[in-house]
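Q: Listed here are the chains, written in short residue letters.
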Amino acid sequence: MIAYIGRRLLQLIPVFFGATLLIYFLVFAMPGDPIKALFGDKPVPESTLEAIRAQYNLDKPFIVQYLLWIKGIFVGDFGLTYSGRPVADELARAFPITARLAVIALVFEGVVGIAIGLYAGLRKGKLFDSVALFISLLFISVPIFVIGFLVQYFAGVQWGWIKTTVSGQATWSELLVPGMVLAATSLANIVRLTRGSVAENMGADFVRTAKAKGLRRGRVVRVHILRNSLIPVVTYLGADLGSLMVGAVITEGIFNIKGVGGTVFQAVQRGEGPTVVSFVAVMVIVFMLANLLVDLLYAVLDPRIRYAK
Amino acid sequence: MPSNHKIQRYVAPVEETPVAAVDAVKFDGKASSVWGDAWKDMRSRWLTWACLALIALIAVVALFPQLFTSQLPTGAACDIANFRQAPGNGHVLGTDAQGCDVYSRLIYGTRASVTVGLVATILATLVGCVIGAIAGFYGGWLDAVVSRLGDIFFAIPTVLGAIVVMQVMPWERNALTLAIVLAVFGWPQIARIMRGAVLSAKNADYVTASIALGVSRAKILVKHVVPNSLAPVIVIATVSLGVFIVSEASLSFLGLGLPLSTASWGADISAGRATLRTDPALIFWPSLALALTVLAFMTLGDIVRDALDPKARARR
Amino acid sequence: MKTNRKALAALSIFAAGSLALTACGGGSGDSGKSSSAGSESGAATSNAIITTNGSEPQNPIIPTNTTEVGGGKIADLIFAGLVSFDAKGAVQMDQAESITPNDTNTLWTVKLKSGLKFTDGTPVTSDSFIKAWNYGANIANAQGASYFFDNIKGYSADEKNPVAEMEGLKKVSDTEFTVELINAEADFTKRIGYTAFVPLPESAFADMKAFGENPVGNGPYKFEKTGAWVHNEGVTLVKNADYQGSRTAKNGGVKITFYADQTAAYADAQSDELDVLDAVPDSNFTNYESDFEGRSVNQPAAIFQSFTIPQYLEHFKPGKEGELRRKAISMSIDRESIIKAVFNGTRTAAKDFTSPVIEGWSDKLEGSDALSFNADEAKKLWAEADAISKYDGTFTIAYNADGGHANWVTAATNSIAKNLGIKAEGKAYPAFKQLLDDEDKDKMTGAFRSGWQADYPSMYNFLAPLYQTGAGSNYGRYTSTEFDGLLKEGAAAKSEADATAKFQDAQKVLLKDLPVVPLWYSNVNGVWGNKVQNVEFGWNSVPLYYNITKAE
Numbered sequence: 522m523i524a525y526i527g528r529r530l531l532q533l534i535p536v537f538f539g540a541t542l543l544i545y546f547l548v549f550a551m552p553g554d555p556i557k558a559l560f561g562d563k564p565v566p567e568s569t570l571e572a573i574r575a576q577y578n579l580d581k582p583f584i585v586q587y588l589l590w591i592k593g594i595f596v597g598d599f600g601l602t603y604s605g606r607p608v609a610d611e612l613a614r615a616f617p618i619t620a621r622l623a624v625i626a627l628v629f630e631g632v633v634g635i636a637i638g639l640y641a642g643l644r645k646g647k648l649f650d651s652v653a654l655f656i657s658l659l660f661i662s663v664p665i666f667v668i669g670f671l672v673q674y675f676a677g678v679q680w681g682w683i684k685t686t687v688s689g690q691a692t693w694s695e696l697l698v699p700g701m702v703l704a705a706t707s708l709a710n711i712v713r714l715t716r717g718s719v720a721e722n723m724g725a726d727f728v729r730t731a732k733a734k735g736l737r738r739g740r741v742v743r744v745h746i747l748r749n750s751l752i753p754v755v756t757y758l759g760a761d762l763g764s765l766m767v768g769a770v771i772t773e774g775i776f777n778i779k780g781v782g783g784t785v786f787q788a789v790q791r792g793e794g795p796t797v798v799s800f801v802a803v804m805v806i807v808f809m810l811a812n813l814l815v816d817l818l819y820a821v822l823d824p825r826i827r828y829a830k
Numbered sequence: 339m340p341s342n343h344k345i346q347r348y349v350a351p352v353e354e355t356p357v358a359a360v361d362a363v364k365f366d367g368k369a370s371s372v373w374g375d376a377w378k379d380m381r382s383r384w385l386t387w388a389c390l391a392l393i394a395l396i397a398v399v400a401l402f403p404q405l406f407t408s409q410l411p412t413g414a415a416c417d418i419a420n421f422r423q424a425p426g427n428g429h430v431l432g433t434d435a436q437g438c439d440v441y442s443r444l445i446y447g448t449r450a451s452v453t454v455g456l457v458a459t460i461l462a463t464l465v466g467c468v469i470g471a472i473a474g475f476y477g478g479w480l481d482a483v484v485s486r487l488g489d490i491f492f493a494i495p496t497v498l499g500a501i502v503v504m505q506v507m508p509w510e511r512n513a514l515t516l517a518i519v520l521a522v523f524g525w526p527q528i529a530r531i532m533r534g535a536v537l538s539a540k541n542a543d544y545v546t547a548s549i550a551l552g553v554s555r556a557k558i559l560v561k562h563v564v565p566n567s568l569a570p571v572i573v574i575a576t577v578s579l580g581v582f583i584v585s586e587a588s589l590s591f592l593g594l595g596l597p598l599s600t601a602s603w604g605a606d607i608s609a610g611r612a613t614l615r616t617d618p619a620l621i622f623w624p625s626l627a628l629a630l631t632v633l634a635f636m637t638l639g640d641i642v643r644d645a646l647d648p649k650a651r652a653r654r
Numbered sequence: 095m096k097t098n099r100k101a102l103a104a105l106s107i108f109a110a111g112s113l114a115l116t117a118c119g120g121g122s123g124d125s126g127k128s129s130s131a132g133s134e135s136g137a138a139t140s141n142a143i144i145t146t147n148g149s150e151p152q153n154p155i156i157p158t159n160t161t162e163v164g165g166g167k168i169a170d171l172i173f174a175g176l177v178s179f180d181a182k183g184a185v186q187m188d189q190a191e192s193i194t195p196n197d198t199n200t201l202w203t204v205k206l207k208s209g210l211k212f213t214d215g216t217p218v219t220s221d222s223f224i225k226a227w228n229y230g231a232n233i234a235n236a237q238g239a240s241y242f243f244d245n246i247k248g249y250s251a252d253e254k255n256p257v258a259e260m261e262g263l264k265k266v267s268d269t270e271f272t273v274e275l276i277n278a279e280a281d282f283t284k285r286i287g288y289t290a291f292v293p294l295p296e297s298a299f300a301d302m303k304a305f306g307e308n309p310v311g312n313g314p315y316k317f318e319k320t321g322a323w324v325h326n327e328g329v330t331l332v333k334n335a336d337y338q339g340s341r342t343a344k345n346g347g348v349k350i351t352f353y354a355d356q357t358a359a360y361a362d363a364q365s366d367e368l369d370v371l372d373a374v375p376d377s378n379f380t381n382y383e384s385d386f387e388g389r390s391v392n393q394p395a396a397i398f399q400s401f402t403i404p405q406y407l408e409h410f411k412p413g414k415e416g417e418l419r420r421k422a423i424s425m426s427i428d429r430e431s432i433i434k435a436v437f438n439g440t441r442t443a444a445k446d447f448t449s450p451v452i453e454g455w456s457d458k459l460e461g462s463d464a465l466s467f468n469a470d471e472a473k474k475l476w477a478e479a480d481a482i483s484k485y486d487g488t489f490t491i492a493y494n495a496d497g498g499h500a501n502w503v504t505a506a507t508n509s510i511a512k513n514l515g516i517k518a519e520g521k522a523y524p525a526f527k528q529l530l531d532d533e534d535k536d537k538m539t540g541a542f543r544s545g546w547q548a549d550y551p552s553m554y555n556f557l558a559p560l561y562q563t564g565a566g567s568n569y570g571r572y573t574s575t576e577f578d579g580l581l582k583e584g585a586a587a588k589s590e591a592d593a594t595a596k597f598q599d600a601q602k603v604l605l606k607d608l609p610v611v612p613l614w615y616s617n618v619n620g621v622w623g624n625k626v627q628n629v630e631f632g633w634n635s636v637p638l639y640y641n642i643t644k645a646e
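Chains as they are written, first to last, in our numbering: chain S, 522 to 830; chain A, 339 to 654; chain F, 95 to 646.
Treat the hints with care, as some may be off.
Claimed, not checked - Listed below are the simulated DSS-like cross-link pairs for lysine-lysine, each with C-alpha atoms no more than 25 Å apart in a straight line:
no.	chain 1	residue 1	chain 2	residue 2
1	S	Lys581	F	Lys303
2	F	Lys349	S	Lys684
3	F	Lys254	S	Lys557
4	S	Lys581	F	Lys535
5	F	Lys254	S	Lys581
6	S	Lys557	F	Lys521
7	S	Lys557	F	Lys535
Stated by the list, open to error - Simulated restraints, written as ranges between beta carbons of each label pair:
no.	chain 1	residue 1	chain 2	residue 2	range
8	A	Gly478	S	Ala733	34 to 42 Å
9	S	Gln690	F	Asn381	27 to 35 Å
10	F	Ser297	S	Trp682	44 to 52 Å
Unchecked claim - Computed list of chain F residues with no C-beta within reach of chain S, every gap over 12 Å:
no.	residue
11	Asp197
12	Glu417
13	Leu605
The set of hints was computed from the structure by calculation and includes no laboratory data. The structure presented is a predicted model; accordingly, all values stated were derived computationally and were not measured. Think of the CB as a built atom: it goes at the ideal place given N, C-alpha and C, for glycine as much as any other residue.
Pulled out of the complex, with its shape left as it was, chain S reads as follows (with noise of 0.2 Å):
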């Protein structure tokens, strides 16, 4: 186990560098010229254009500036914003807020979503799973700013209930309601994967030799039930990850969240290439993490699946 950890970790090398150049150099492809549109129609001389260019290393050949970032990082300098920012300050600044942005989301999709899934699974056909069934075929077919704005306009302007916006601090309770907004498609997912699973597993031999030994039904559900239907539950809230950080854009947009989606989408916009591709080169290692440890759980979920040789 703890040799195949090892190897795990020991890809992230390899990938890091393949995923940051292969970024660095889709930003480098984008047509336009990133310093010339940050004035707009207005006429700065060329000049001063240069001067701009200079600062900002993008007088040089491609593969030059992508080492100038990688030697950067070894000291901790992720390089600037076309702001003249360190883009280290902005690491530092969004992915606390969209961590926990993305832990609530995922935390509510995940109980909230297993439990219903659970629940319609075990009585599939019923008044309960067609019900969960439609609702989760609306946040499915419900784009996700007009849930949104339909949770903010109601529970924040005309109720009260929760505060408009998030405050610049985005505590945990400020970031509850748009986690769970977040969370809404994702959530109509989870239920349907449990569902589909629970219903499955519901008259495999195991269950059937469960009952037959007399087990209580709570225990079958929970023991027999539920742990053989969770992996491609599991699976799905591993790679949902992904989507719950870079992906919160318009949820970050409707409630004034300042973290990594609208900063990346921003950066793309201006073709900011050392903004990218360090949040990038930071996803990317949340995500290689959240594989290995999805990988790990199904050695727990399953102990028929084994890693080390």
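Keeping the supplied structure of chain S fixed, place chains A and F upon it in accordance with the hints.
A: Showing chains A and F alone in chain S's frame:
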């Protein structure tokens, strides 16, 4: 993988296992495959036919929109002076903010939306299934390479990737190119789900049994492991269909998608945002069309999944 | 799922942010109250802090490098230049006692008020201005607003030959200096109302970047404390009691919260978390007036929007055919209906190439009928042009998708298609920089959106940078000796009235040639909460914060 020859296996007589009940029929008629059985099961359910009818309708609308409306959805057919009219006056569902007929946009939007959704889903699912299955089944370095590749794809911001991919594509943008872009960024999720399912399926008793019977690895993968791992993939894939249709709107909105002269549900959903409070009907109709399409494919997915699972069949 | 959320971003993030992205430089000096400075003792003042919206400045707040709205809003409040503008855009003396030109409008003598102070206690002198301007103009410092100084004698845009001290700036005494210009400029007093022309304290020059994080100014407000600017969150400004000028604050301060998406700001305004919002997002165009009954504003601003048909475009080149086609296109667009349908009345149909808030604006210029909708006439003109040479292409209007232009582009091209019977459609560029790139390289294959937000309230500022031969933002590559001549005459005119007359004549040339097709003027759409009174918006669409009062 544990090597086979060291472990002694005891296989119970078939008659004593529940498999017997399922397998019993097979002894007399001609041999049938998992898929054949599944279809036999499906065609006996009315829900299958309801879903297929709905899908057929959607297909006809997508292929021959002019059968359903005499008005055009874009361009010169829109009269800006007639914007946001209530239903009536030759406009069954009224007009939108551009003065275009809402109903005809719904009809003509079907083609682009369904093409994007369906093609992207099929591509992402095919690629994701193959890669995920291979990674999960064979493991080792193959798994490592493929999974890490997935990690990288996950980390690329879609907007960035789409801008560059769209720029690189030599041909004109249409629903197909858009679907390809969406699939490029959609397959890792399917691959991961598939890999997870394969990991747990490959240790099942029937796989061990097949190994013991000397069936080749590739055949085991295709015949036994994949069909038994598809359930979660089907759930995610049918939902992706709707997600891809909505994504089309977002990409178009970013200037990365369909030209403005192509009607699509996604475009209307995002345009409807501006009048969410004053004219919610504008966002309601395309959302409803989207929901019905997703519902049809989702239910069909459920049926296929049930049909692939002999135990679920037996229970019904 | 992944793709969904990431991509959906588009729906919100820039829906309302078009201004911030496409037109920079909203940072001209704030307008002032018409009563003289310091005489409002009778008016209600309070120490309450006004809360309002803003966006993260793109750069440290160095006035000569602040060319976008986020930083411009802050710089305007904490700095004061020689002059400021009242709500109508008229010039009033702020830090200056007087500014007088010579006979030819080429040498200007500036006298400062006495006893002016920065908030760190150091005096505001001629040197504070001269050094700040020299710093901004010096190409070695790469300041974004350096070109604003290009008419001062000694200015150089050559990076191999940077000029640290322009010969045109001469100190006479601590409170008097002269400015010598290269070309005559009648509205020089307006130009120096732009944020780039404010003074800087001595401490700034030691470490400009650090200064920009915690700027020390001489304006009606100052930073609440060192580090008051919390990046990506907001900034709190408090009243500067030492300020001497025309914009004395009647409240305790202004707290600016940064929003990436204006819909969030709107929701905050609805729940009274935000006192003043100066940009209603387009998703609320249809309901903001009922949400904020009697507490909203919808008036023209100094923002001109158009689409440019480049001179190099086939069938639209200078000459009879191009002239006919340009006019036909312009007359085929039903501006009023588009404004009603797409913008819910938050634009004002264009009658010229400037803006109604600018002195000298007129809706009755000769040739302005080319800007009114007339489908029959348009069709006739187009047919005449077709007789010269047949048009069988598709007329496209390119736009940047990140600026919220898709809706009006669709409406305008639909209008053209319907009324001229040709094919017309929008052409999307993912980001502004890509559009700009193609414009820059003369690679446009159709028309493209264009626009201008005034840096200072002057006709000249709407005309020269956009249509003068070889001008920096003349992406249509328009050239007309007649127009250039009139512009020059206007700049050198003795009086403002003379100048206006010349500029109007210059516009008549534009109305004939239509280098761009004017569409509409953007309106300023603001709302405010129950707790504040006296909310008025200046010529540059920014609220006159200093005048707002708030119950404590």
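Q: Each hint: holds or not?
A: Each hint, compared with the structure:
1. Lys581(S) x Lys303(F): Measuring from Cα to Cα gives roughly 24 Å; hence the hint holds.
2. Lys349(F) x Lys684(S): 18 Å, holds
3. Lys254(F) x Lys557(S): 20 Å, holds
4. Lys581(S) x Lys535(F): 22 Å, holds
5. Lys254(F) x Lys581(S): 19 Å, holds
6. Lys557(S) x Lys521(F): 21 Å, holds
7. Lys557(S) x Lys535(F): 13 Å, holds
8. Gly478(A) x Ala733(S): 34 to 42 Å: Given range 34 to 42 Å: holds, Cβ gap about 39 Å.
9. Gln690(S) x Asn381(F): 27 to 35 Å: Holds, at about 31 Å.
10. Ser297(F) x Trp682(S): 44 to 52 Å: 48 Å, holds
11. Asp197: Asp197(F) clear of chain S: closest Cβ-Cβ about 30 Å, beyond 12 Å.
12. Glu417: 25 Å, holds
13. Leu605: Correct as stated: the minimum Cβ-Cβ distance to chain S is 21 Å, above 12 Å.
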